[in-house]
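Colleague: Please build the complete structure, drawing on both the sequences and the hints.
Protein chains: 6
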Amino acid sequence: MKILLYNPNTTQSITDKLYNTAKLVTSSGTELVPMTAKKGFPYISNEAEAQISGTTVLEVIAKEHRNYNAAIIAAFGDPGLKAARSLFHIPIVGLGEAAMLSACLFGKKFGIISFTNNMSAWYEESVETLGLKDRYAGFRAIDSVILSIDKIQSVQKKNLIKSAKDSVEIDGADVIIFAGAPLSGFKKKVEDKISVPIIDCAEAAVKQAELSVAMTNKFSNKKSYKTKLPPKKSIGLNKTLSDYFSHEI
Amino acid sequence: MKILLYNPNTTQSITDKLYNTAKLVTSSGTELVPMTAKKGFPYISNEAEAQISGTTVLEVIAKEHRNYNAAIIAAFGDPGLKAARSLFHIPIVGLGEAAMLSACLFGKKFGIISFTNNMSAWYEESVETLGLKDRYAGFRAIDSVILSIDKIQSVQKKNLIKSAKDSVEIDGADVIIFAGAPLSGFKKKVEDKISVPIIDCAEAAVKQAELSVAMTNKFSNKKSYKTKLPPKKSIGLNKTLSDYFSHEI
Amino acid sequence: MKILLYNPNTTQSITDKLYNTAKLVTSSGTELVPMTAKKGFPYISNEAEAQISGTTVLEVIAKEHRNYNAAIIAAFGDPGLKAARSLFHIPIVGLGEAAMLSACLFGKKFGIISFTNNMSAWYEESVETLGLKDRYAGFRAIDSVILSIDKIQSVQKKNLIKSAKDSVEIDGADVIIFAGAPLSGFKKKVEDKISVPIIDCAEAAVKQAELSVAMTNKFSNKKSYKTKLPPKKSIGLNKTLSDYFSHEI
Amino acid sequence: MKILLYNPNTTQSITDKLYNTAKLVTSSGTELVPMTAKKGFPYISNEAEAQISGTTVLEVIAKEHRNYNAAIIAAFGDPGLKAARSLFHIPIVGLGEAAMLSACLFGKKFGIISFTNNMSAWYEESVETLGLKDRYAGFRAIDSVILSIDKIQSVQKKNLIKSAKDSVEIDGADVIIFAGAPLSGFKKKVEDKISVPIIDCAEAAVKQAELSVAMTNKFSNKKSYKTKLPPKKSIGLNKTLSDYFSHEI
Amino acid sequence: MKILLYNPNTTQSITDKLYNTAKLVTSSGTELVPMTAKKGFPYISNEAEAQISGTTVLEVIAKEHRNYNAAIIAAFGDPGLKAARSLFHIPIVGLGEAAMLSACLFGKKFGIISFTNNMSAWYEESVETLGLKDRYAGFRAIDSVILSIDKIQSVQKKNLIKSAKDSVEIDGADVIIFAGAPLSGFKKKVEDKISVPIIDCAEAAVKQAELSVAMTNKFSNKKSYKTKLPPKKSIGLNKTLSDYFSHEI
Amino acid sequence: MKILLYNPNTTQSITDKLYNTAKLVTSSGTELVPMTAKKGFPYISNEAEAQISGTTVLEVIAKEHRNYNAAIIAAFGDPGLKAARSLFHIPIVGLGEAAMLSACLFGKKFGIISFTNNMSAWYEESVETLGLKDRYAGFRAIDSVILSIDKIQSVQKKNLIKSAKDSVEIDGADVIIFAGAPLSGFKKKVEDKISVPIIDCAEAAVKQAELSVAMTNKFSNKKSYKTKLPPKKSIGLNKTLSDYFSHEI
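From first to last, the protein sequence lines stand for chains H, X, R, W, S and Y.
For the first sequence, position 231 matches number 231 in this note's numbering, and the numbering has no gaps at all.
For the second sequence, position 249 matches number 498 in this note's numbering, and the numbering has no gaps at all.
For the third sequence, position 16 matches number 514 in this note's numbering, and the numbering has no gaps at all.
For the fourth sequence, position 236 matches number 983 in this note's numbering, and the numbering has no gaps at all.
For the fifth sequence, position 205 matches number 1201 in this note's numbering, and the numbering has no gaps at all.
For the sixth sequence, position 171 matches number 1416 in this note's numbering, and the numbering has no gaps at all.
Simulated from the structure, these hints should not be mistaken for laboratory data.
Please note that a few of the clues may not be correct.
To be verified - No farther apart than 27 Å at their CA atoms in a straight line, the calculated lysine-lysine pairs in the DSS-like style are these:
| id | chain 1 | residue 1 | chain 2 | residue 2 |
| --- | --- | --- | --- | --- |
| 1 | H | 233 | X | 288 |
| 2 | W | 980 | R | 536 |
| 3 | Y | 1402 | Y | 1268 |
Modeller: What follows is the structure in C-alpha cells.
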C-alpha cells in the first residue's frame, strides 16, 4: 500500500519530522511518500491560512491521487479534508481527526496541548465539527513567544510537559494529544513523564490511513461516497482541478 | 454607507436576483454595489466547491475592502466567511448566517427549504457550525431535476410551497427560510400561501450588514478582531492576497 | 416606521439612557417613542420580578400595539417576550435576545458582563432558552455593592473594563455584551480599552427592531404567527388584556 | 403535612379531577387542600396565558404559603413555578416537572401524550427548560376538535390510547405521560391497554410534594434558596404580593 | 409496603448508616429491610468494581424480589441498576439516580460533593447517562487520604463543608448532593452551615422508592417493562439467576 | 503482535465468523487467537445479559492478558469494556466502539443496521456513551423473527440490504455499520448493492487493536491508565479476578 504524506506547510523540516515519526509505526508493506507544499505558508496557524491552503490541498490531491491508496493531510487543522473526501475516491486522513479518533480508544476525555494560544478557538472548532465535544477535556498551550518552529521540542520541553500534566490533573484528561505537525515525534521524548497515554499525530495519521485502506478494499475502484459529482464547468481554477471537475482527468 | 454584494457564483442572473431583492429593503443612505465572481462555478453546490470559491472570496475582499463599509458573501453556504472575518476590518456578512440569525427573531424553530436534496447535509453542517441546532426544524427540498437555475422560482413554485407547508405542519417550523441565492425574491411571490413568517436571504443579508455597520461605528478604524495577524510571508498566493498577508497593502 | 421603546422598569432615568443611546443609531425615517413602566419595580433583577413585569408588558402592548410598527421590551431578561410574540402582530424585540443575536455576527463566543452576580443564573437561562449555549463564553460581574443604579457607569467603570478583559483573555470571548438597560451607552465610553467588538443592548434592540420591520413588510396586516388564538373568555384580567383576548379590541 | 393543590385554571371540574386522583395516593398524614383559580382562563393552553396566570399563582401563594408545607401548581406548563420557588420558603411543585422527573424512574425515554397539537412546541420547551431533552421521546396528540374539556377522557379514549401506543412503538418511549390537568385519573382507565409504565400528573405532583417536604425538614424555617431577596419597593402590584416584596407580610 | 435496602458494599457499618438515615423519613406503613452484600468489595470505588458488584446485585434481587414491593441499590454508582430494571417487575431505585432526580426539585444545578477525587470521572459519567448534564454544576472532593471509611463524617467535616461552599459560590450550585453511601446522614450535621438545600442519598432513595411503588400500584402484577424476556438458556451462571432467566423461578 | 479475539457469546459458530472475517485484514506479523466464552448466553441480546457477561469478560482477561498485546471483546454492546480498560495494561478494543470510531473516518453520519429491533435502545445508549450522537444517523432493523442466529446472513440478506438503503436514503447515513458479531463477514456479500462505505465490526476491531498496539509501544510495560488500583481485598469473587485485585497475580 502506498500512502501520500502531504505536508500543507511549506517548511521541509516539518515534513521530515512527520515522516521520521510516522515511518517507525508503518506496517511492513506500507510505502509512505512525503511531500512538502510548494504554495502556502511556512506554518498554517489560523483558519484564514487553512482556507487558502485547503484549496492547494485539493489541487495536489487532484494531481496525485491515482498514484496512491490513501493520502494524509498533515496539518492539525485538517485543511481541505472534507472537500477532499467528497471529491476523491481514495481514503483521505487528516492529522487532527486521526489524533482525536485514536485518542478515543485510550480514555474518556482527551486534552489538546499545543505551543501557541492562538489556536485554542480554531482547534476547539475542529473538536466541535468532529462531534467530539463530550470527549474533550480542553486546550492548553505554552505562553512563551515562538522563536523557531524547529526548536519548539527542545526549547519548550519543560513547558509542554507542564501543560500536559495540568491537562491531566486540573482538566481531567485521560489521554494527551500533542497537537500540530511540529510536535510529531515529541511523544517519545516525554512519555515517561506523563501518567496517561499520549497520542502522536503523525503516528495516528499513518495508522488510521492504513486502517482505512484495509477496511475499504474495493472502495477505491467504485463509487464510494454519495456526493460523487457529475462533470462540472468552472472558470479560472488551477488546471488540474478544473480538469478533474470537468472529468477530463 | 457602501456595501459590497459579492456573488461568489459566476452566474450574472443570480447577482441580478440578489440585487433586485436586496435593494428594496435598504435604508436611505445605503449604497449597495453588486459584483459577480470571475472565478469559480456557475452555482456553488457542495463543500468542495465552497472550499475553492472561499479562497476566491478572500482574494476579492482583499482587493476591495478599503472601498466599502461592509461586504456580503452572497451564497448560502457562506464560503470563506470565517476566514474573511479574521482577516478584514469591515463587517462581513454571509447569506446563510444572516438568514438564520434573522429567523431567530420570528419564532423558535426555522425550517430550511431548498431546491435540491444534495445540500441537506451541507446546510445542516452550517446550522451546527453556527450553534443553532436547537433552533432548527429541519431541511426539505424538492426532488425534481433542476433544468435551469434561472427558472426554479417559476417552474418549482408549487413544489416549494408544498415543502414549506410540510416544514410547518410536519416538522414544526415557526419560520421558513428559502435557502440559496437563486431563491432570493421568492418570498414575495408566496407569502400569502404560507402561514408563518418567511425569511428572504438577500433581504436578511443586507439588513444584517446595515445593522453591523451601525453597531460598529469606529470598528473599521481600529483593531476590531482578536486574531489580527502580524505580517506573514507566503508562497504562490494570488498577488493581492499575498500583499495583504505581508502588510504591503 | 414608529417603534415603541418600552422600559418595563419604573425608573425614568433608565429610559433616558436607553433612548439617548438608541436614537443615535436609528435610520432616518424611524421614530422611536420611549415609555416607562407605570407598574412594577424600579429595576427588575430576578425571574420573579420578570414574571410579574412580563404580565404588565402584555397589558401595555395590548393597549399600544396598533400605534406602532414594532415594540422593544427594554430589559435584558426579556420579560414577557415570548408571550407578547404569540399575542401581537407587530414584531416584538427584547433587549437580551437582540444583543445576543447581534453578537453572533461579530465572533464565535460572546461574554456577558453585568454589574451584579445575582443575575448570572438568570442570564445563563436566557442563553439556554435562546439555544445559544455553544456561542456563550460565560458571565462576569463586578462584586461591589450597587449604591445607585444611575451611577454604575461612572463609579464602576474600571471594574467593568476589568471584567470585560477577563472575559476576553480568560474565558475566550470574541465579543462583549454589556448587559442590562442601566449599561446602555456604556460601550462608547470604553471601546478603546477593549480589544474585541462590544455590543450595546439599546443599539442592538433598535437595529433588530428596524430589521424586523423591514423584513416583514406585510406581516402586520396578516396572520403572521401560527399560534393566533380564537376569542377566549377570561376572569379578572386587566381590562385591555381581557378585551384583547376576547377580540373586543 | 398540609399541601395546597392550586389549580391555576378557573374550571372547578378540573380541580375535582386532580383532587380525586391525587388523594388516592397521598400517604396517611397528608392533608391535601384543593383550590381553584379565581382569576385567569378556563383552561391555560399556551405560553401567553401561562405568563398571565403565572402572576396570579404568585399572588395566591404569597397569601397562602404560611398555611401549608408545600404547594402544587396544577397545570402542566408549570406557570410561575420558577418565580414561586425563588420567592417562597415552602417546596413548590409543578404538574409538568413532577411528571417528567417521575417518568425518569421508570425508563430511559418518556413520551408525552396530550389532547391538542397546539401544545407541542410549548411542552417541548418545558422539556428543554428542565434539561431533560435526552430523556424525551416526543409529543403526540389527537387531532380531533375538543368540544368539552370535561369529556375528553370518555370521548377521546380510543384516540389517546392510539397516540400512546404510537409513542411506544414508533417513537421508542419507555414510559408514557398523559399530560395536562384534564387527563388526571385517565391512567387507571387505560393501563391494561399500554405495555409500558404510565405517569399520571396528579399522582406525580402529590408524591413529589410529599417527597420534597420529607427531604427538607428544616428548610421551611431557614433561608433555603440562594436568591432570597431584601425588601423591595414596587408600584401597582396586587396588595399581598406588594406586601410580600416589601417584607410587610 | 416492604422495601429492600440492599448495600452492595460488604461493609456492615455502611448499611447501618444508610438504614438509620433512611428510616427517619419513611412514611408510616413502609417496612425497610437492610441487607449487606456477602460478595464484593468493602467499598465500591470505581467502574470495574461496579461492573462486578452489579452482577451480584442481579443475583440477590433475583432471589429476593418476590418478597418486596421495591428494591434500593444503595451505592452511588448505581451498580446493576439498568440491568435490574430490565429484569425484574418491582421498582428498582439507585442511590445516585434518586439523589440527582430529587435535587432537580430544589434548584437548577446540583453540585456533587464526595470524599475522593478518584470518583470524579465515574460520577460525571452517571450524570451523563441520566441525561442530566444541563443540571450539573460539577464535582468537588476533599484531597486528603481516606484512613477509615467509617470516620469520614467526623474527620473530614470541615473539608466537606468547604467543598460544598465552593460548589455553591464558585461553581454556581443551587443544591448540594453529598454523594456516596458513607455520607448518608451527614446532611443533618451540616445543614445549618450551607446556604442551599442539601440532598441526602439515603433519604432520596427511600422516598423515591415509596413514590415509585405508590405510582405503579398494579405494575408489579403485570408486564410493566417493554423488555420482558422470553425464557433463555445460559451456561455457568449463579443458580438463582440462571433459573430466573430460564423462567424456572 | 498477538491479539486475543474473545467472543463473550457461548456460540462457537459466531467465533468462527468473527475470526474468518478478521484474519483476512490482519497485517503480516499479527497473530489472532479466537476464544469462545465458556460462561454466559448463546447470544447476548440486552443490557442485563451484557452486565452478566461483562463480569465474565473481566475474569477471562484477568487470566489471559499477560499472554497478549491486546484483547478484543467481540460483542457489539462492548460488555465490560470500560471496566476492563481500567483494570488491565494491554489495549482493550470493543466491537461496537471500534466500528463506530472507524465509521467516523468515512463520512459524517453512520447508520446502524441490525437484525432485531430489541437492540435499538441499547445500541443508541452505546452511541451516547461514546459521545458520538452528532455522528449518528439512527438505527434500523429487520422485523422478522430470528429462527437461527447462524442463518441470518443468508435468510435475511434482502431485508438487511433494504434497511441499509433506507438508512442512506431516508436517514441520511453516509456510512453503514452492520452491527453485531453474527453479521461479521456480511459486508463482502453486499457491498456492491450499497452506495456508501460499509463497516464490518470484526474488521474494525482487529484493525483498531493493531493501531492501538502500534501507538502504545511501551504502554504495556508502564502504568498506562490513571485509575491503576492499589491492592484491594474482595469477598466471593472468581479466584483469578480476586487474585488480580489483591495483586497476587
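Colleague: List, from low to high, the hint numbers that the structure doesn't satisfy.
Modeller: Nothing - there is no hint that the structure violates, so all of them hold.
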